[in-house]
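**Q** Residue numbers (the working numbering), protein chains in the order written: chain A, 1 to 317; chain B, 1001 to 1281.
Source of the hints: derived by calculation from the structure; they are not laboratory data.
Predicted, not measured: the structure shown is a model, and the values here were computed from it.
Glycine included, each C-beta is placed from N, C-alpha and C at the ideal position.
Treat each hint with caution, since some may be false.
Computed cross-link-like contacts, DSS-like style, restricted to lysine-lysine with a CA-CA straight-line distance of at most 25 Å [said to hold, decoys possible]:
1) A/Lys45 / B/Lys1008
2) A/Lys45 / B/Lys1135
3) A/Lys214 / A/Lys317
Restraint ranges, calculated between C-beta atoms of paired labels, are given here [stated by the list, open to error]:
4) B/Gly1231 / A/Glu49: 27 to 37 Å
5) B/Asp1195 / A/Ala293: 50 to 60 Å
6) A/Ser161 / B/Gly1155: 25 to 35 Å
7) A/Pro51 / B/Gly1185: 46 to 56 Å
8) B/Lys1168 / A/Leu240: 52 to 62 Å
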Amino acid sequence: MKTYTYTEKKDTRSGFGAGLAELGRTNPNVVALCADLIGSLKMDKFIEENPERFFQIGIAEANMMGIAAGLTIGGKIPFTGTFANFSTGRVYDQIRQSIAYSGKNVKICASHAGLTLGEDGATHQILEDIGLMKMLPGMVVINPCDYNQTKAATLAIAEHSGPVYLRFGRPSVPIFTPENQKFEIGKAIKMTEGTDVTIVATGHLVWEALEASKSLYEQGISAEVINIHTIKPLDEEAILNSVAKTGCIVTAEEHNHLGGLGESVSRVLALNSPVPQEFVATNDTFGESGTPAQLMEKYGLNSVAIIKKAKTAIARK
Amino acid sequence: MPNTQNLKDLTIQVRRDILRMVHKVNSGHPGGSLGCAEFFVALYNEIMDRHEGFDMDGIGEDLFFLSNGHISPVYYSVLARSGYFPVEELNTFRLINSRLQGHPTTHEGLPGIRIASGSLGQGMSVAIGAAQAKKLNNDNHLVYSLHGDGELQEGQNWEAIMYASAKKIDNLISTVDLNGKQIDGATDDVLAMGDLKAKFEAFDWTVVEIKDGNNIDAILKGMAEAKSLTGQGKPVCVLLETMMGNGVDFMMHTHAWHGKAPNDEQLASALNQNPETLGDY
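Chain A with its partners taken away, still in its complex shape (with noise of 0.2 Å):
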């Protein structure tokens, strides 16, 4: 079995901060707002090697949101950065009409998404983004999993023509992709492969999944890991091929079990091929205060999780 270590952990924002940097320099039409959380966005870099393409906002999302769609009237690419909670949520209206429905090329750049936020507590941990921005029309949404695959994933979104949710966290997580692989929008990466179930993960979950599939393998399971990096569009094929040859799978987020990747893969399997799904996901409910690590284990995100569910779903076959 394919195996995955790391020598460093970074935070995904990290990746986005050092995204956009190399945009700054490299694609004279990409722009950023923030709306007053500059260094949690790690924006510092891009602002200081372009301070003309940057737009402090102030703490006024709705109005960020709105700028943004008219920054693309004149060919600029606006990258906006605030937390997922005041990335969607709030704004989802500003998003809808200005953005979405106006079919703005806008990049939605959200930082502290779901649980791992920690100690801030649950009106800035957001569970439910995935789902407001999957349900818009023509919205593309993406959750990598670590820094080199968030800072690829930001420079992909740059080629990309029309809106983009893109979301990451705040923790120090380990680095395991390689550091150029090519970012592909909608195009899932197989992790390792497996024959008796097949795990879908999306962010932070990948690592955990990495880390389940380990200890399974050690108790004679034989588990397939693909990265989903990107929600929606979904890379079906990916996952009709796996559970073609596994016939059960595992959906794990850092998100509602309501309107996630899971439900996604729900339909998918559902249209073509049934078979038993688990879910690793949080069980509608909102987060609290703790640390990442308590907060993951007390809510059922963890690697422990992952086993518990990949060995239902096995015996559910």
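Given the coordinates of chain A, assemble chain B onto it according to the supplied hints.
**A** Showing chain B alone in chain A's frame:
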């Protein structure tokens, strides 16, 4: 002052378009549309520097954003009569498979429209973004926007108003249609907004008042003044006092025609008051 008789003739024709469009589908918003007919006619024919044809980026020309998208009938009529699309297409207003949706949208590719609007309060932010893109592109053309007075009850406007002055967006002329009415009644009764001139000035905008916003000459004079005040470090607000339902006696002095279409008899009466000038679509 130029001879404005042709603009006055066009205004009457635009009124007829508005009335016939909403009558045909028995829906839409004639009141605010009629109130802004002179403004749109003046804007598209005299005030804005526009290119022939349409491209989304609009580099090298003035841009206009309609924030209170429900007055789409006047927008569509003036766009059609300014050459953006055939006037016959006004026949399809609010019909299925039409580019002339109930509220304006880019989604169906109608030339002249650069943003969807209808959900209120979003247009000023978009106009600011477009104005900032113009500055980045070293394009010294202007961005215009129009907002309802009731629409200013939406909080996003005040985020935008605060931002525009703080960031010196001085290539923006935002006009507020002060007709004093909204769906549920007089703005003063629904949610009084007090002295809007004082409010904009307190937010450090330059304010131009057009007291007779249904008079072409007054609009041209006021908008010329507004233009002359751009480029001085401050955004410009035009407070345009209009009469909802202007030009149709029974639609004036009431909020009843905000979102109601005339019946056959009412249409005949309204059209009689506005005899055909340039030809119906």
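**Q** Hints first: check each against the structure and report whether it holds.
**A** Structure-based check of each hint:
At most 25 Å may separate the alpha-carbon atoms for a hinted pair to count; lysine 45 of chain A and lysine 1008 of chain B exceed this at roughly 55 Å. Taking the CA atoms of lysine 45 of chain A and lysine 1135 of chain B, the gap is about 23 Å. The hint holds against a cut of 25 Å. Taken as a hint, the lysine 214 of chain A and lysine 317 of chain A pair is honoured in the structure, with Cα atoms around 22 Å apart against an allowance of 25 Å. Separation of glycine 1231 of chain B from glutamate 49 of chain A is about 29 Å and conforms to the stated range, judged on CB atoms against 27 to 37 Å.
Between aspartate 1195 of chain B and alanine 293 of chain A the Cβ separation comes to about 56 Å, which falls inside the hinted range of 50 to 60 Å. Checked against the given bound of 25 to 35 Å, the beta carbons of serine 161 of chain A and glycine 1155 of chain B, roughly 32 Å apart, stay inside it. Between proline 51 of chain A and glycine 1185 of chain B, the C-beta spacing of about 48 Å keeps the proposed range 46 to 56 Å intact. Under the hint 52 to 62 Å, the C-beta atoms of lysine 1168 of chain B and leucine 240 of chain A, about 55 Å apart, fit the expected range.
Checked against the numbered hints above, the structure breaks only hint 1 and satisfies the rest.
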